[in-house]
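Q: Sequence:
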Amino acid sequence: MPNIKPFKAILPSQAKASNVVVGLENLSISSAKAIGNANPFSFVHLLVPKIENYYLRGSKQEIAFKKIAENFDDFIQQEILVKDKQEAIYIYTKSKNGNVKTGIWTVSNIHDYLSNQIKKHELTRLEREKGLVEYLQQTGLDANPVLITFEKNDDLEKIIKNEKLKPAHLDFNIADEQHQIWKVTDEIVNHNIQAIFRKMPNTYIADGHHRAAAACSYGVERRLLNLKHNGSEEYNYFSSVYISADQLEILPFHRFLKLNHLFDHVEILEFLMDNFKIKEIERKDLIPTKEHFIGFYYQNKAYQIDFNDFLNSNILHDLDVSLLQKNILKPLFNVNDPREDEKLYFIGGEIDLELNLNMIDLGKFDIAFFLYPTSIKDLMKIADLGETMPPKSTWFEPKFLAGLITHEMD
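Numbers 29 to 438, taken from the numbering used here, label the letters of the sequence shown in order.
Hints are computed from structural coordinates only; laboratory data are not their basis.
Careful: at least some of the hints might be erroneous.
What the hints assert, rightly or not - Below are the DSS-like pairs computed for lysine-lysine, each with C-alpha atoms no more than 25 Å apart in a straight line:
no., residue 1, residue 2
1, K186, K227
2, K420, K318
3, K129, K36
Stated by the list, open to error - Quick list of the computed label-pair ranges, beta carbon to beta carbon:
no., residue 1, residue 2, range
4, D214, E261, 22 to 32 Å
5, G159, H219, 30 to 40 Å
6, F338, A223, 39 to 49 Å
7, R251, M387, 40 to 50 Å
Backbone N, C-alpha and C fix where the C-beta goes; we use that ideal spot for every residue, glycine too.
I would like the entire structure built from these sequences, with the hints used as guidance.
A: This is the structure in structure tokens:
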């Protein structure tokens, strides 16, 4: 179904790779600046540039984008980043503690996103999308790929296995993670990969809905401005990593609340006791081991809430994030829009349970709800129905490093 193609990527040199790449999850402006001050080779200089001449004309944003352009030129000239001269499809492997995830890193046609051939399960926020579009407009650097998943394909697995027998183009470690990139430049092999993807019945965005939407908005804008548009331009494609569903790891976003004096602590427990099957448990057991059971931590006590009586055979309604929102967060805590409510915080991915409970014990938060992860099968079914999941329903692994493979959209 998806139309992918080889492209000329920008990659770090082997010697500088571990210094160039940077993880974007939870990367704040202050931490980005700290990384930039300590590391002149970091890709953060193309994200949050250091402004040294404050007498330059223009707004702060205009000056920042000019500095990014200068930094990019410097990185290319110094061969910190290297532009490939030959088009390729790339194979990417991330290994950690024996857990190996391998995918095809390529570019996808924006038409496939716009026509829903690449299916979505999440709504995007216009404000966030605009910021990403502006970065593309000013830099043309498509540096953070969209994670797309599909049912395992044996023919594709064989190609990947054969290509990985060759020496990797990049191979480096950061902390306890190994990252490897193979270039596939053989036209026949790439043709076969493209043919396999065209025959796939369904593909799904797992992570990166805003990045995909922004790239498509930018691509459509460029089409309208280019009187000689022919469809082959790079702005018609966005950076994508395709990883089969059996390799993906889905983790939950847990819900934390910081309350104010308007909430009666006795009424909170009474509401839960009156409406749910709830029992006290040990705090070490707060992370659920099966769906429809949610861990609840409040006033130094741990509970388990059973939601099985609230199921109604509707896949979207029966998601644990939906059950929690409809039956507790909205009626009890007045959380009408999880994306906007200032009381509500999301903590996703692998967590240190005791560290998070200590934050509650020390008063940073008042309440925590711990959820079981949504299954990839449920995500696919919801996308097939054309429905969207509630905000912050899933945290996907793997996450990708900015600066590892960059696609120029201009």
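Q: Would you mind marking each hint as holding or not holding in the structure?
A: To see whether the hints hold, each was checked on the structure:
{"no.": "1", "hint": "K186 <-> K227", "in the structure": "16 Å, holds"}
{"no.": "2", "hint": "K420 <-> K318", "in the structure": "19 Å, holds"}
{"no.": "3", "hint": "K129 <-> K36", "in the structure": "23 Å, holds"}
{"no.": "4", "hint": "D214 <-> E261: 22 to 32 Å", "in the structure": "24 Å, holds"}
{"no.": "5", "hint": "G159 <-> H219: 30 to 40 Å", "in the structure": "37 Å, holds"}
{"no.": "6", "hint": "F338 <-> A223: 39 to 49 Å", "in the structure": "46 Å, holds"}
{"no.": "7", "hint": "R251 <-> M387: 40 to 50 Å", "in the structure": "48 Å, holds"}
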